[in-house]
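Visitor: Here are the chains, one letter per residue:
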Amino acid sequence: MRHLLAGLAFLAVPGGAAQLCAQTTVTLEGSASPGTAEPGVTSITLIGYGFPSGSIPPANVTVTFQPKHSGNGPRGTTQATSIQPLFGTTVQLTFTVPTTITVHQAVNYLVSIAGSTSTGASFSSGNTAALQITAAAQITGISPNSGSPGVSLQVTITAANTSFFQGATEANFGPGISVGGAPPGEFGPVTVNNLSSATAQLTIGIPLNFGTNPVTVATGTEQAPFSSGFIVTNFSRLHSFVGPPSDGANPKRAPIIGPVPGGGSAIYAVTPYGGTGNFGTIFSYPLTFGPNISVLYNFAGPPNDGQTPDGALVLASNGVLYGTTGGGGSHAPSGIVYSLTPPASPGGAWTENVLYNFQGGPSDGANSYSAPIIAGESGGLPILYGTTFNGGTRSFGVAFSLTPPANPGGAWTESILHLFTGAPHDGANPHTALTPGPGGVYYGTTYYGGASNNGTVFQLTPPTSPDGQWTESVLYSFAGQPTDGANPHGDLIVGPGGVIYSTTLNGGPKGFGTVFSLTPPTSPGGQWTESLLYEFAGQPDAVQPRAGLVMSTGPGGQLIFYSTTYYGGTYNTGTVFSLTQPASPGGQWTETVLYSLGNFDGSNLEAGVVMDSAGGLFGATYFGGDSGFGTLFYVVP
Amino acid sequence: MIKRFALTLLLLCLLSIPLAASTIGIGLISFDVVIPTGASPGVNALATYDFTGPTYGPFGGNSYVVDPLNFVNATLTVYFVGGGSMVEFQGEIFPGELMSGGQPFPTFPSTTEIASAVLTATLSQTTFTLSDGRTFTASPDITVDLAPASGSMLAPGVDFAAIDAQSAGGATPEPGPVALVPFGILGLALWRRR
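Residue numbers (this note's numbering), protein chains in the order written: chain A, 1 to 637; chain B, 1001 to 1194.
Think of the hints as simulated: they come from the structure by calculation, not from any bench.
All C-beta atoms, glycine included, are put in the ideal place defined by N, C-alpha and C.
Treat the hints with caution; some may be incorrect.
Between beta-carbon pairs, the in silico distance windows are [claimed, not checked]:
1. 191/A to 1062/B: 21 to 31 Å
2. 98/A to 1149/B: 27 to 37 Å
3. 598/A to 1085/B: 25 to 35 Å
4. 1085/B to 345/A: 47 to 57 Å
5. 57/A to 1133/B: 32 to 42 Å
6. 160/A to 1085/B: 49 to 59 Å
Chain A with its partners taken away, still in its complex shape:
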């Protein structure tokens, strides 16, 4: 009787009955759900029956993992994350495989549980549930694995051990790259093909840090990295010219950057050929890097219009573009000076006006191959200065000015500033624009003439009295190959200290062209000093620069020049190169081929480049592209 009372007293203690009982054996469903799990990622559900009554705190339940075949993987334990009573003694519990279980390939595991209720009733599973644990998710390939700035492309992502799922899986391709329309640099949606394959639509923005971008594809907490990354090249083909009648062809001059009516910015440039009559075009391309190139004007050719616009454009403060043509006009093929006025409202037509028809012959210039420059204003309109390749007394070209009419609708007035007389005392056939220098002077080059007939650098000095004459003087005559450059073909630029920089198409030790500087004399009337900063070495180096330089400044304050070449590079079809000033005086300038253009990219660069605010370079090729009519491109140094 005493023992019976003691037993009853024990049963009266809360939980005492449970503690008196032996451990309860629960039965698990044979396989976990889902049947495959990535450690630290997948939420696993197990259902079992035979659990003791009462609440079961998740922290009270230990889930044990052991490889089905000993040695195939590490053992491990974790705690349940939730417990859900279902019906009767059936319970659903969830957990995540601990990240301490690291496997290099899928390994079959057996899962068991043990725990207790909140009142202390213990239980353990009498069987195990199957679960396959996978290696960490990773991207195994991206095709194509590189892209260019400013372009949109579709890439295919292949992966291992991933759980790609449409609507959940997103990808991040690093700074500056938009995935599926998401903001650049953020995760964006992809199209899932299956658990381990997806397609991503990328838009590579500008500017970017070029090289290898990190790539991560996420599905919830699953993060699959790509160790090789996505390569962003520094070159992008923006447009392949189709040629006449719908598009321009064979651009030869560097674009300029200007405003777009209604907002934004665009590059503007000419093509000497193409357009409705194949007389050349003026086009624009928005800096939004979209697919749309716009032909703003199709030249109509002689006698009422110019043809073959060979000179670059210049933008006046009134938003009007000015330029010259190498042919056409009322005295064809002498060419014209024209203006292109933006529309009054966005989307309207641009209006071209012929400002002047070159007469050619001994008293006027003909065939301008360079941009006019703006030398001042009169009545709100620019005063234009320029050169012509031909015309003049000996057909060696002229330097001219063009003054706007005093009254609207009147005729523009041309004045000859200089008639070139050729070798040996003067230059001949200027191919470049004039460049303003100190004190109202202008610098320029001639393709021929000078002491060796290899071209010159000249200076135009304004008259000292209102009715006086402009004075031309040869600052330097190129000696030509092998000791000097020959045939300057690109515009001059003036750098710090009044030093003039540009290129020669020919000359140098191998005749592949040079980059030169011309330093002003230390005292008035002294000699200018020419230095060859770089002599092009031939393929695979760049060969034959035909354009002038764009000047920039490096992080250490050193000058960096950018330009193009017609030949050379990997494919001998042209390059974009840089030339960097030495860190200390007397050192070597360093030339770098930034990009070798192949035929798809466009080939044979006559035009130079223009730098945008992000430091990228726009340029155009004379040949190549899909139709052979050249391309428009963007390259980032």
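Chain A is already provided as a structure; the job is to place chain B on it using the hints.
Guide: This is chain B only, laid out in the frame that chain A set:
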């Protein structure tokens, strides 16, 4: 004598009471998290189970269906918050997980807001044996409406619904445990008379 007659009458009345249970658990639909939300949306699933037969039946509760039943012509329709619906599964569900029938669980991005899910099916047999020895005659059609326990949309890891077979209304030929109680009472009475 009168007492004996009354007890006998009570016994007969109890024996004639049909089985109280009108449903029997045969499965489960559970809205679960498969991959939690992280850098991108996660993945949720409508896990669906057939808890019948000797292997899976015990998961359905204390009194379960011993005979394996298939859910024939099963259709799982999902209704989305804001309108619209989609049939996420059509086919036959066999004992065990829906996955074991050769079809994956219907899965959804965690951004998908599900208002409810409805499973309709026909049982492969309507008369079957229970674990306690009884025979259960069920209505052939099953309909399960998985609705949110709270709020307007299903919460993963929270909401689930039992799949029940409804009694066709017939009597139970085999006595249930409750029906044995009168025998106990009768036995006690006889013991006291001694």
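Visitor: The structure should be examined with respect to each hint, and the outcome stated for every one.
Guide: Do the hints match the structure? See the list:
no., hint, in the structure
1, 191/A to 1062/B: 21 to 31 Å, "violated, 48 Å"
2, 98/A to 1149/B: 27 to 37 Å, "holds, 30 Å"
3, 598/A to 1085/B: 25 to 35 Å, "violated, 54 Å"
4, 1085/B to 345/A: 47 to 57 Å, "holds, 49 Å"
5, 57/A to 1133/B: 32 to 42 Å, "holds, 36 Å"
6, 160/A to 1085/B: 49 to 59 Å, "violated, 36 Å"
The structure fails hints 1, 3 and 6 (numbered hints given earlier, in ascending order).
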